Amino acid sequence: MKVPDSPDAVWVDDDAGPVVRHYAMTLGRTRPTRGEFDLITLVMATRPASSGEFGLQPEHDAIIRHSQTPVSVAEIATRLDLPVGTVRVLLGDLLDRGFIRTRSPVPSTHLPPERVFKAVLDGLRSL
Amino acid sequence: MAFAPSDADGEILPVALKIIVAGGFGVGKTTLVSSVSEIQPLLTEEYLTDESVGVDDTSGVEAKSTTTVAMDFGRITLNHDLVLYLFGTPGQDRFLFVWDELSLGAIGAIVLADTRRLADCFPSVDYFERRGVPFIVAVNCFEGTAKYQPAEVQLALNLDDDVPVILCDARRRDSAKETLIALVEHAMRAAWGHQDEPAPV
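Chains A and B, in that order, are what the protein sequence lines are.
Mapping of the first sequence onto numbering that gives the first Met the number 0: residues 0 to 126, in sequence order.
Mapping of the second sequence onto numbering that gives the first Met the number 0: residues 0 to 200, in sequence order.
Quick caveat, the hints were computed from the structure, so don't treat them as lab data.
Just so you know, these numbers come straight off a predicted model, no measurement behind them.
Accuracy of the hints is not assured; some may be wrong.
Stated by the list, open to error - Using 16 Å as the maximum straight-line C-alpha spacing, the simulated EDC-like pairs for lysine to aspartate or glutamate come out as follows:
(1) A:Lys117 / B:Asp113
(2) B:Lys176 / A:Asp121
(3) B:Lys146 / B:Asp125
(4) A:Lys117 / B:Glu177
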């Protein structure tokens with residue numbers, strides 16, 4: 000962030016942290032209103048990046064922009080440089096409005112079928 | 000490959016799986032992840048610290064603070080409907096709680112070891128043994144380090160006989176790839192008692 004030389008502005012340097020706190024971005028919410036978002040839940044936008052939907056925050060738009068092809072929650076958090084918890088709340092908003100589709104990983108209580116392991120092996124061997 | 004229901008209609012998204020890369024600080028986790036990954040990001044997450052866990056909400060905001068944890072992660076697109084993610088665990092013991100989230104639903108874990116500082120991987124080995132997560136130990140062969148045989152490492156770490164110990168060079172893509180394959184094969188043996196024969200359908 001560029002810091003002007005005005006004495007009133009010097010406290011807003013990088014050490015001061017983000018100017019917009021993460022909880023402000025999520026309107027104080029710590030959990031998404033909808034959906035379970037694992038780190039590796041895959042997300043894909045249902046509309047083009049430039050559609051400019053009403054009522055979205057810049058971070059929502061950024062998620063739509065970055066999920067034109069399937070990406071994980073972890074990748075979205077990295078690209079937006081936001082903590083995963085914040086991203087989960089924003090994703091819940093987008094899911095609510097039908098702006099994204101998601102696919103959860105294999106449920107953690109179930110082992111993936113053996114054919115999935117075989118597909119992983121085949122994929123790794125052909126890297 | 001649609002074994003888990005898609006969460007929505009329309010075109011089915013790929014499904015993601017994950018593998019954990021653990022081991023002591025500076026053992027080569029970042030190197031291993033980046034030598035096979037299509038991307039090279041660092042993930043950060045904020046967690047409430049232990050002080051707030053189990054504490055009633057009204058008991059005082061001053062007891063709550065967040066800690067930021069950074070972990071490496073990488074992606075390997077295996078085919079059009081399978082994506083594999085690799086997560087490097089945060090090295091310090093105080094971040095062990097992050098491992099619970101990472102290890103949930105993981106195929107298994109690679110514990111990287113440096114024979115000059117073998118004790119550094121004890122916490123990882125303990126953790127995965129206790130949690131029943133399939134894991135292998137991969138000895139990262141740094142240049143100029145004394146070579147130990149896998150059997151010696153297995154003995155030194157007091158591992159069960161069925162836990163594979165392999166040698167690897169985390170900098171080399173083919174070696175990192177072989178390490179991942181060794182883990183998946185081990186996870187299959189752990190689950191079904193064999194690795195490569197076709198399953199009766």
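Status of the hints after comparison with the structure:
Distance check on the hinted pair: A:Lys117 and B:Asp113 sit about 30 Å apart at the alpha-carbon level, beyond 16 Å; violated. At roughly 12 Å between alpha-carbon atoms, B:Lys176 and A:Asp121 fall within 16 Å of each other, so this suggested pair holds. In summary, the hint linking B:Lys146 to B:Asp125 is not supported, as the alpha carbons are separated by about 24 Å, beyond the 16 Å threshold. Distance check on the hinted pair: A:Lys117 and B:Glu177 sit about 15 Å apart at the alpha-carbon level, within 16 Å; holds.
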